[in-house]
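Novice: Chains as they are written, first to last, in our numbering: chain A, 1 to 522; chain B, 1 to 522; chain C, 1 to 522.
Keep in mind that the hints were calculated from the coordinates and are not lab data.
Virtual Cβ for every residue (Gly too), placed ideally from N, Cα, C.
Each hint should be verified, as a subset may be incorrect.
[Said to hold, decoys possible] Restraint ranges, calculated between C-beta atoms of paired labels, are given here: (1) Lys164/B - Pro499/C: 20 to 30 angstroms; (2) Pro499/C - Gly354/A: 42 to 52 angstroms; (3) Leu171/C - Gly354/A: 29 to 39 angstroms; (4) His105/A - Glu404/B: 27 to 37 angstroms; (5) Glu518/A - Arg408/B: 48 to 58 angstroms; (6) Arg198/A - Pro96/B: 29 to 39 angstroms; (7) Gly428/B - Gly354/A: 23 to 33 angstroms; (8) Gly354/A - Arg408/B: 31 to 41 angstroms; (9) Arg350/C - Ser378/A: 35 to 45 angstroms; (10) His105/B - Gln384/C: 19 to 29 angstroms; (11) Ser60/B - Asp283/A: 42 to 52 angstroms; (12) Arg198/B - Pro26/C: 22 to 32 angstroms; (13) Arg408/B - Lys496/A: 18 to 28 angstroms.
[Unchecked claim] Far from chain B, by Cβ distances over 12 angstroms, these chain C residues were calculated: (14) Gln146; (15) Lys270; (16) Met323; (17) Phe365; (18) Arg380; (19) Lys426; (20) Ser463; (21) Gly521.
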Amino acid sequence: MGKTTLAFLFVLVLSFPGTAIATGIPISDPTAECIDCHASIHPGIVKDWQESRHAKITPSDAMAVEGLARKVSSKTVPEEIRNFAVGCAECHMQRPNEHKDTFDHNGYDIHVVVSPDDCRLCHAEEATQYAKNLMSHAYKNLAENQLYQLHEQSIIGEIDLNSKSKPKATLPASADTKAETCYYCHGTRLKVSGFEIRDTEDVGELEFPIIEGWPNQGVGRINLDGSRGSCSACHTRHLFSIEMARKPHTCRECHIGPDVPAYKVYAASKHGNIYSAMHNNWDFNTVPWTIGKDFGAPTCAACHVSLLTNTDDEVVVERTHQMNNRLPWRIFGLIYAHPHPQNPDTTIIRNKDGLPLPTDFEGGFASNYLIGKDEMESRRKTMQALCLNCHDASWVNGHWRRFENTIRTTNAKTLAGTQIMQEIWKSGHAAGLEQDNNPFDEAIEKKWSETWLFYANTIRFASAMAGGGDYGVYANGRFQLAQTLLELNSWLKLRKSIPGLKLQPHHPSPRIQKFRKEGWGP
Amino acid sequence: MGKTTLAFLFVLVLSFPGTAIATGIPISDPTAECIDCHASIHPGIVKDWQESRHAKITPSDAMAVEGLARKVSSKTVPEEIRNFAVGCAECHMQRPNEHKDTFDHNGYDIHVVVSPDDCRLCHAEEATQYAKNLMSHAYKNLAENQLYQLHEQSIIGEIDLNSKSKPKATLPASADTKAETCYYCHGTRLKVSGFEIRDTEDVGELEFPIIEGWPNQGVGRINLDGSRGSCSACHTRHLFSIEMARKPHTCRECHIGPDVPAYKVYAASKHGNIYSAMHNNWDFNTVPWTIGKDFGAPTCAACHVSLLTNTDDEVVVERTHQMNNRLPWRIFGLIYAHPHPQNPDTTIIRNKDGLPLPTDFEGGFASNYLIGKDEMESRRKTMQALCLNCHDASWVNGHWRRFENTIRTTNAKTLAGTQIMQEIWKSGHAAGLEQDNNPFDEAIEKKWSETWLFYANTIRFASAMAGGGDYGVYANGRFQLAQTLLELNSWLKLRKSIPGLKLQPHHPSPRIQKFRKEGWGP
Amino acid sequence: MGKTTLAFLFVLVLSFPGTAIATGIPISDPTAECIDCHASIHPGIVKDWQESRHAKITPSDAMAVEGLARKVSSKTVPEEIRNFAVGCAECHMQRPNEHKDTFDHNGYDIHVVVSPDDCRLCHAEEATQYAKNLMSHAYKNLAENQLYQLHEQSIIGEIDLNSKSKPKATLPASADTKAETCYYCHGTRLKVSGFEIRDTEDVGELEFPIIEGWPNQGVGRINLDGSRGSCSACHTRHLFSIEMARKPHTCRECHIGPDVPAYKVYAASKHGNIYSAMHNNWDFNTVPWTIGKDFGAPTCAACHVSLLTNTDDEVVVERTHQMNNRLPWRIFGLIYAHPHPQNPDTTIIRNKDGLPLPTDFEGGFASNYLIGKDEMESRRKTMQALCLNCHDASWVNGHWRRFENTIRTTNAKTLAGTQIMQEIWKSGHAAGLEQDNNPFDEAIEKKWSETWLFYANTIRFASAMAGGGDYGVYANGRFQLAQTLLELNSWLKLRKSIPGLKLQPHHPSPRIQKFRKEGWGP
């Protein structure tokens, strides 16, 4: 489990009820008071914290570390927390006036939800980088894009059993449904709707805030201090472990389905094989993380986040919590792969048809909103610098050429499917945007969605991560893409071949009519 | 690999052929004689046993353990096995007259299949609890429910290539097919059909019983002493390891498919992430199992089976091998989620229409056979007591409210699909129960089955275990549920739109006619 | 991580830039020179090599090992490499005239791609066995079978957006697409297309070969010395680890999709459960590998490759890199399961209809090309000898009887589907071989392909590996097989029921006409 690289300056034995842990770090009075009760009430999280780095070093000592090993990126840290372990109070009592869920708890101002702006006190660079990460806008980018909302509604909305449009989902999804579906990963918008008194087993009646959208650890959560994101999405509370964030299981929480099968592809890749077979011998806790010395094959974090060095102690790539600054291409989630958006707020994008999409339905890029060639080149080079520590240039270039070939060919196949879908809309066998209808809410539209949302995405992940032939072919890959395109076509051909077939009537949606006339928001 | 918490009283070095193991425990003469040969013949299982708790402590010593650490729950243990390691003879020679597979083997009465009633000699409480577990009735509940048998037949039955009904499965599945499909997990009914002489490589001709349904480790196996179940389903022979039973891979053996994707959902949950990343540092062998001290996130066993304590040595939840007594809702396997059955024998249930189902086709509960509100409340509280060791009440309540919302909404969507299916049956485009036909054996009926058997189930698992957005949305979740409902509807609409379409004729099944007139058995 | 079983004769401390590793083995001058630069440039692979067996023993010392523990199977090893660690030069500089990618690199003749014929210098028996392995012919068997090429084309070919046949894939796939799909696992054909000068960061301009088909680690790769295969497919460079090859994650790289779900099935099997829960206590590095002592449940390698002994040091099964000589039946990849081909080159097979298939479309075996009863019996016994170390004969026989029952029943169901497909072709609703058309490139043909390529295969894997009920039933098993057969039938019935339905015209393919008249090549 790695080596402890920081010496403890002095040792102090704490004794609080239910635990008997020796740590070398002074604990603030408020934190000691928290632990006094919570070690008994919540032993799981108190124990995790006790094993965390936060319990084992003060910010002062952490700031004394020089060079790449330094984990506290802030130049200054508030004096009142600088010389204590980073305990309960050091996080849950910071900036009380900023947090709408601050409540009086045994004489202290406590807030439930710790936000990136709390973590920023010590980890300023990471918080700033993360604010540029698409993920930090994952709530807004979905909830405030009216076209995406049509897609969302068609999947998680409720069905009016008495409506003629059954089984279309015409009723809105409840907040509870939203919180455990799209917004489980994207993050919820938190809101304090009041306060309530609960009768606690241990100390009688206490008052707590009622928080809508809670619990949630989604990457784009809107916090009660207005900040975006949740550090605990990856640095799971209360270990806040670098080890856990560096292992691929963290990413699996949200990157596992056919829309974004990163974990599955990784697990079947050569890198994933090496990780699975050998990682018990690696060190996931060292900072910086040294290729060859600490680990033998990249995990998700190695390629996308971590500060890596080589065995000459040279920096191979800088740490980034923006994550996409090693990625020229955005390969999932939309109808076509395209250069990454310039701005993490993608609700501002409009394609040539005025739709809030980074490409048009024919695959053309909304280039004004996307990064340009130079930035793409720079990001490609940053990523490749990493690959080149185990692979020679011909290997890396060959891999990359294949990846960009796959972006082109999957986009071309998605276009073939979209052209058939457009023919279906024109033929009157289904109704899309041109007919002022939701383009995602009919059976055949769901089949079309599969082509780009599942199969083209999976193929691109398999290509990007050299993730084995199966995910590129038979496991939601080119077999299923070919099959689904043929089925779209066969569906239309059959209907055209039936003499006298009666068409279903379609009714324009006033809401969509309005969007198409007046624009898609915000 | 955990710590040995029991002191061995004396040490005795055994030497038998092919092994050279020192253990501190006296071994009975018959067991020593077994090992004499089988250490060479079956080194895999003998070695496992030697590493097991059973080889390392006698029942007497195990019974001397006081308090929660005690693993032998029986108040008394037969004197003849009390002072030896629990070896071959102590299990395979117990209660010889009860076991139909008892045979003479080198002068000993041996039976092949060890049953829960053998294990009961030392582990009485667990055996008694398990008899109340739905799983112990998994064979009977499937094999003796005539409606489930229609479903089973439509999936695993054979096809008569010369029949007009091809490719419907009109011929019965063979015992061999049954044993490796449904009954692999549900358990087979074992039966001694005779004895045979086999020429063994090592000691010449020997007689052995011929056991139909063997091998099998299914949870509801009908044993040769009449008992139900197989402890080795989870406590894999011959380690019988608590560690293995507590890790989630054991449950994965039967809980992995789209009908019951518990393992997949767990692996993608926050809990599963913590387990995957950190469990090498945990202790899976301590009894009781202490939250925070021994493990940092729950596995399947932690929530559903194990005796858990907090770091104050207080019991958080009692051990249960009934397993569903922490579960108010039964969320999979049937058309609608519903309160758990009162009785593990579900063949006795009749819904308002006389069908052997816990709900009717419209989703109404067969409440007379299901647990009531009080019992549901009690079970909810038992489970939540566990959650509260790492989460505060607002977190736990928020999670639970979402879960019950999901039960309601998935039941409502399943109802929408069933209403369309009923319309299809009425329209004559398929034939269901009302037409005295198998409601599961046509292409469109299989599509309907997907809505509740795969997608509603997966969505509920994702909700119950906070298992990530993907299993609730794109990985056999709400996307597929929405799509399949739309396809059911579109299938019917197309047929209604075709002028002059010829309907396929349907023929009533005399067997189903009889069930509908005379009741569904047994 | 296992025990080092070979004593090092003397210790010599090497120091090269960027590393500080002590090893006991002399390193050749050329290898030392390689490491001099590459330890800095490619720390990942140099570090792996330093931890490999190759860095820790000379061939001479390895050859001095007697008995089953010997890993160097060659009787003689070239003198010039015998007394050094097997380093860079010892592999990348062997047989320079044989390798078309040999280039001058700082005065040395280096080749990029190390082949099985290089490895053969020390590992002659393994290389010879592997040449008999179907996998070594995986490139040829796919690329030179014209019927398989029709299947491949229909999946990975490109779509001509302006063609009437859209969305059929009528344009050939590019080399880049091929290399990351079918040939990722099957292996590419490597070819040196020229040489190029690259400006390297560290030492300026250098010349390197341009290799088409690179990178690739596929099992049937055609190497630049004409040999077939890639040892690094399983013994990942540059650890070349037995441990990694013995763990199931290696096989997962290519055996994960619905066509060949070996890893998924294993992971859900009892064996996979035991592996997952307990393997941290096993030793994956010992040779021979002893059942019970070194490991407690088989991995892929244990059953299919490794030299296994029992605890009496008797050989249970010999090592084989042919892999199928413990397998009577070939259970995946084709329309029906059948006895294994006699020759690893399957392009020579012709069925009774002259097609390059090991069975005809009705399921009859092309027996002249397949192994006979005696060989099947012998292979069955070899495999069962292994099972019998943990299971008694009735268990093993019962398992095997079920497996052969499943081969029969899945073949019968596939026949039912193929009969419907043939009826569809005859009816004119699709066009197959009889109509001089690709039998795999229409929507309904893809559905037919699913029956044998995904579902029958998955069912057989679940049976062969006792891999749980779910993969035999609901997880791409008998449920989906039954459903798809019903859908094939329903598809045809609907079309037959529509009065006046217009058939789509079909045009014979001249290429297929030629194959059918003149034979399927080569």
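Novice: Would you mind marking each hint as holding or not holding in the structure?
Specialist: Evaluated hints:
Distance hint check for Lys164/B and Pro499/C: the Cβ-Cβ separation is about 22 angstroms, which falls inside the suggested range of 20 to 30 angstroms. About 45 angstroms separates the C-beta atoms of Pro499/C and Gly354/A, a value consistent with the hinted range of 42 to 52 angstroms. In this structure, Leu171/C and Gly354/A meet the distance hint of 29 to 39 angstroms, their C-beta atoms being roughly 34 angstroms apart. A hinted range of 27 to 37 angstroms holds for the C-beta pair His105/A and Glu404/B, which are about 29 angstroms apart.
The hint said 48 to 58 angstroms for the Cβ distance between Glu518/A and Arg408/B, and at roughly 36 angstroms that hint is violated. Range check, Arg198/A to Pro96/B: Cβ separation about 59 angstroms, and the 29 to 39 angstroms hint is violated. Roughly 48 angstroms separates the CB atoms of Gly428/B and Gly354/A, a value that falls outside the hinted 23 to 33 angstroms. Evaluation of the 31 to 41 angstroms hint for Gly354/A and Arg408/B yields a pass: the beta carbon distance comes to about 39 angstroms.
At roughly 56 angstroms, the beta carbons of Arg350/C and Ser378/A sit outside the given window of 35 to 45 angstroms. Separated by about 21 angstroms at the C-beta atoms, His105/B and Gln384/C satisfy the suggested range of 19 to 29 angstroms. Separation of Ser60/B from Asp283/A is about 46 angstroms and conforms to the stated range, judged on CB atoms against 42 to 52 angstroms. The hinted range of 22 to 32 angstroms is not satisfied by Arg198/B and Pro26/C, whose Cβ atoms lie roughly 56 angstroms apart.
A hinted range of 18 to 28 angstroms for the beta carbons of Arg408/B and Lys496/A is inconsistent with their spacing of about 42 angstroms. Every C-beta of chain B lies more than 12 angstroms from that of Gln146/C, the closest at about 30 angstroms, which supports listing it as non-interface. Taking the minimum C-beta to C-beta distance to chain B, about 6 angstroms, the non-interface status of Lys270/C is violated against the 12 angstroms cut. Remark: the non-interface label on Met323/C is consistent with the geometry, its nearest Cβ contact in chain B lying 22 angstroms away (cut-off 12 angstroms).
With 12 angstroms as the threshold on Cβ separation, the claim that Phe365/C sits away from chain B holds: the shortest Cβ distance comes to roughly 18 angstroms. Distance check for Arg380/C against chain B: the nearest CB is about 16 angstroms away, which clears 12 angstroms, and the non-interface claim stands. Listed as outside the interface, Lys426/C is consistent with that label: its C-beta sits roughly 16 angstroms from the nearest C-beta of chain B, beyond the 12 angstroms cut-off. With a closest Cβ-Cβ approach of about 5 angstroms to chain B, Ser463/C is found to fall inside the 12 angstroms limit, against its non-interface label.
A cut-off of 12 angstroms between C-beta atoms confirms that Gly521/C is not in contact with chain B; the least separation is 33 angstroms.
This entry does not satisfy hints 5, 6, 7, 9, 12, 13, 15 and 20, going by the numbered hints stated previously.
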